[in-house]
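A.B. asks: Sequence:
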Amino acid sequence: MLFRNAAFQKRRHLKMNRIRLHLKFDPSVIMYLVIVDKLLSKNAELLKVEPSEKFFSFVREMVISHVADGKEPPEQIAAPIMNIADDMMAGREVTMRAGDYIALMNYAKSKRKL
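Residue numbers (this note's numbering): 1426 to 1539.
The hints are simulated quantities; they were obtained by calculation from the structure and are not laboratory data. Treat the hints loosely; a few may be bogus.
In silico lysine to aspartate or glutamate, EDC-like type, Cα no more than 16 Å apart, as pairs [claimed, not checked]:
| id | residue 1 | residue 2 |
| --- | --- | --- |
| 1 | Lys-1534 | Asp-1494 |
| 2 | Lys-1538 | Glu-1478 |
| 3 | Lys-1538 | Glu-1486 |
| 4 | Lys-1496 | Asp-1511 |
| 5 | Lys-1479 | Asp-1494 |
| 6 | Lys-1536 | Glu-1500 |
| 7 | Lys-1536 | Asp-1494 |
Make the full structure from the sequences, and use the hints.
C.D. replies: Here's what the structure looks like:
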């Protein structure tokens, strides 16, 4: 069983509707390491990347199956999915590090989800 504590189990069921509503991802949740120098500061707009809706629906599907159904995510993307689920369950704003984003993109591309 994913949750052993009965009180937490009850709270989890109460929160599920709220969690499903908050699973709309915003491109601004992805944080990138940006090295700023004189050349890049002029071309900063070129560094902005917006993931596709397919990417967000893939991540949404994986997080819902982990949180709602208790399924373990694939090993290659377990850490990013669990980090997102942790943020959501704690009521924090979901943020994704560049390494997590890269791992999710590589996995999604390898499974032909994008």
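A.B. asks: Against this structure, judge whether each hint is valid.
C.D. replies: These are the hints, each one checked on the structure:
1. Lys-1534 x Asp-1494: violated (24 Å)
2. Lys-1538 x Glu-1478: Answer holds: Lys-1538 to Glu-1478 is near 11 Å, not above 16 Å.
3. Lys-1538 x Glu-1486: At roughly 11 Å apart (the allowed maximum being 16 Å), Glu-1486 and Lys-1538 satisfy the hint.
4. Lys-1496 x Asp-1511: Within the cut-off at roughly 15 Å; holds.
5. Lys-1479 x Asp-1494: Violated, at roughly 21 Å.
6. Lys-1536 x Glu-1500: Within the cut-off at roughly 14 Å; holds.
7. Lys-1536 x Asp-1494: Between Lys-1536 and Asp-1494 the Cα gap is close to 21 Å, so the pair fails against 16 Å, i.e. violated.
Comparing the model with each earlier hint shows violations of hints 1, 5 and 7; every other hint is respected.
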